[in-house]
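In order, the protein sequences belong to chains A and B.
Each residue of the first sequence is one higher than the last, beginning at 1 in the UniProt record's numbering.
Each residue of the second sequence is one higher than the last, beginning at 1 in the UniProt record's numbering.
Keep in mind that the hints are not guaranteed to be accurate.
To be verified - Some, not all, of what chain B presents toward chain A, calculated at C-beta under 8 Å: (1) Val17; (2) Leu21; (3) Arg23; (4) Ala28; (5) Arg33; (6) Lys39; (7) Thr44; (8) Ala106; (9) Pro107.
To be verified - Residues from chain B that face chain A, not an exhaustive set, calculated with beta carbons under 7 Å: (10) Ala26; (11) Ala34; (12) Pro65; (13) Arg66; (14) Leu105; (15) Ala176; (16) Thr179; (17) Pro182.
Treat the hints as calculated values from the structure; they're not laboratory data.
By construction, the Cβ of each residue, glycine as well, lies at the ideal position given by its N, Cα and C atoms.
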Amino acid sequence: MTQPIEPLIRCEHVEKRFGHKRILRDVSFTVAEGEVLSLLGANGSGKTTLLRIISALVRPDKGEVWLGPVPLSSAADGIRRYIGVVAHAPLLYDRLSGIENLDFYARLYDLAEPQKRIEKLLRTMDLWQWRDDAVRTYSRGMSQRLAIARAVLHDPPVVILDEPDTGLDLQGIQLLNELLAQLRSRGRAVFTTTHNLEHAKNWSDRVFELRSGHLHQIELPDRIEHR
Amino acid sequence: MAELSGAERVRSREGGVAAYLRRVWAVAEKDVRAEMRSKEVVGTMAAFALLAAVVFGLAFDLRVPRPELVVPGILWVIVLFAGVLGLHRSFGSEVERGTLAGLLLAPVERSAIFLGKAAANLLYFLIVEALLLPALLILFDVNLIEPFILLGLFLGTVGYVGVGTLFAALTSRNRAKETLLPVVLLPVLAPLFISGVGLTSVILDNRGTAEVWPWVGIIGLYDALVFAIAFLLVDVIWEQI
């Protein structure tokens, strides 16, 4: 008999309102090791709010989010070491070069050997030849690829991606697909939002949609073929 | 946290005071590096300070018998207003470019972010003051490059940067931050301003060092209070972004 695997992300009965508007209503789900969960939803449906709650940036009004055994409501700053986030904004400094941006974040995460890791990621994201260029000279797709590199720089077990396919060309999508496959194979729990159902189907083990604050699972009949 | 460890983890270094200081330094160095390329903050502050000195020079040239009477006030007024121009960019630029979330998502103590920002601001202020003092010497023929004046100016700047960085963080997400910051900041700076002018006047009037120390003490106490309050408040400021 196998031991039940504790999910890396566990969201339980989360509710959030802004003023009188209820954005999230009794939202519950889990993401296990090596699982990719995608969330669809119209603009303003609360996807980003949910993502910010899981990222420990915003507290829910009700409910709790757990990272492994740790409830976020009582976690210390150090819990953020276990989360990597690609947000709407790339979270990059446009006056600094690509390598300087990653070096800065590596220092915030206090990585022991940042240069090897930075080089590996810049090569993976096909940005090595532009590493010394200021980020403000990057195209949208290049910035997004660097933002993804920044998010996984510290190799977090939980990766949260807010519309990571935004602004990516075909090559960028291909790199993103490869990265997600790598994250899955290495046991990372990935929570992502997107507007693109096809991307969600390609990436994910499960797909949910956020409607009127409630979470609805979308059936994926061809799931076995995709795996 | 064994449950959260993956197959291959990127190693992090040990924590402690050294790690905390490394993070403070990282934030400060990042700000200074970006500023060296944009010259957004120091350029604006320095231009304002020098122009204000010239304007004060023209305003008082014909009517003041002894410039020593007005120069202490001019020095501190210019520092006060030039500082406001630069401080709101401290967190304002992070909010506008969406990078504040990147700082807050990192496993970094909020106080380390505050201290890093304050250290960068302190450097900007000191550069501007290094330009302002010779300018006042040329325009008013008053030498402010005296050890006690420099000590008072440095301590006063530390306090100003502390309270200014804190208030810049508080107002950074307000749409009217450029106008809100001076409105909330200037009343809080009144004790510092009065002490700074008092200390500078004592030195210029040659009233002896015995009269200097009380002013130094007040400014030092102000600095200690500002940083103690800032350390208590920084966690609350960014609780929800």
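Check: For which of the previously enumerated hints does the structure constitute a violation, in increasing order of number?
Finding: Hint check: 1, 2, 4, 6, 7, 12, 13, 15, 16, 17 fail, others pass.
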